[in-house]
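Please work from the sequences and hints to get the whole structure.
To convert, note that position 81 of the sequence shown is 81 in full-length UniProt numbering; the numbers rise steadily by one, no gaps.
It is possible that some hints are incorrect.
Said to hold, decoys possible - Here are the simulated lysine-lysine pairs, PhoX-like style, with alpha carbons at most 25 Å apart:
no.	residue 1	residue 2
1	Lys70	Lys109
2	Lys15	Lys138
3	Lys70	Lys39
4	Lys55	Lys144
5	Lys70	Lys82
6	Lys36	Lys144
7	Lys109	Lys39
Stated by the list, open to error - So the derived label-pair ranges between C-beta atoms look like this:
no.	residue 1	residue 2	range
8	Lys100	Val121	32 to 38 Å
9	Gly57	Thr113	17 to 23 Å
10	Thr116	Gly90	26 to 32 Å
11	Met96	Thr116	21 to 27 Å
Everything labelled a hint here was simulated from the structure, so no lab data went into it. Built from N, CA and C at the ideal position, the CB exists for glycine as well.
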Amino acid sequence: MEHIASQSALPHQNKDAEYLSAYEWNLQQAFDAVGKEKKNWKTPDSPSIKLWFSKDGDFGTRICNFMNWKYEMDADGSLQIKPGIYTMAGCPEPLMELQKWASDLLSRKFHYTLTTAIANVPPHLQLRFADGSRWELKGEPTSKTK
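What follows is the structure, encoded as structure tokens:
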């Protein structure tokens with residue numbers, strides 16, 4: 001598998017941003033700081049956690065409310081996160097807890113590893129957070145890139 005994320009300069013960052021924006025990223029697994037799989041990231045009533053990115057530095061998700069942030073790519077394979085916009089609808093408590101967990105992680109700088117699709121294997125995105133936890137996401141083409 002080709003690893004796109006690199007410690008090089010702007011051209012690779014532009015390529016990563018373009019690739020990230022071509023897919024909707026679906027959370028497949030979440031792990032805590034010691035590598036134990038976190039099972040409670042999905043509730044029976046919750047939608048799956050999906051992230052989207054734009055080439056212009058926006059990214060977001062919707063769990064209960066829409067949450068959007070701004071990002072900048074660093075040469076070390078990390079995303080610097082800037083405050084964004086949230087909707088504020090009331091939701092059932094399990095969804096609000098899930099949203100808070102996701103928002104707390106996604107609102108800070110995190111590292112990423114991006115692997116391109118090969119043959120029938122979809123692209124893969126790994127996010128590594130400051131607290132040591134990580135997410136594993138699978139890419140699905142957006143309606144524009146299908």
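Comparing the hints with the structure gives:
| no. | hint | verdict |
| --- | --- | --- |
| 1 | Lys70 with Lys109 | holds, 11 Å |
| 2 | Lys15 with Lys138 | holds, 18 Å |
| 3 | Lys70 with Lys39 | violated, 28 Å |
| 4 | Lys55 with Lys144 | holds, 13 Å |
| 5 | Lys70 with Lys82 | holds, 5 Å |
| 6 | Lys36 with Lys144 | violated, 36 Å |
| 7 | Lys109 with Lys39 | holds, 24 Å |
| 8 | Lys100 with Val121: 32 to 38 Å | holds, 33 Å |
| 9 | Gly57 with Thr113: 17 to 23 Å | holds, 19 Å |
| 10 | Thr116 with Gly90: 26 to 32 Å | violated, 40 Å |
| 11 | Met96 with Thr116: 21 to 27 Å | violated, 36 Å |
This entry does not satisfy hints 3, 6, 10, 11, going by the numbered hints stated previously.
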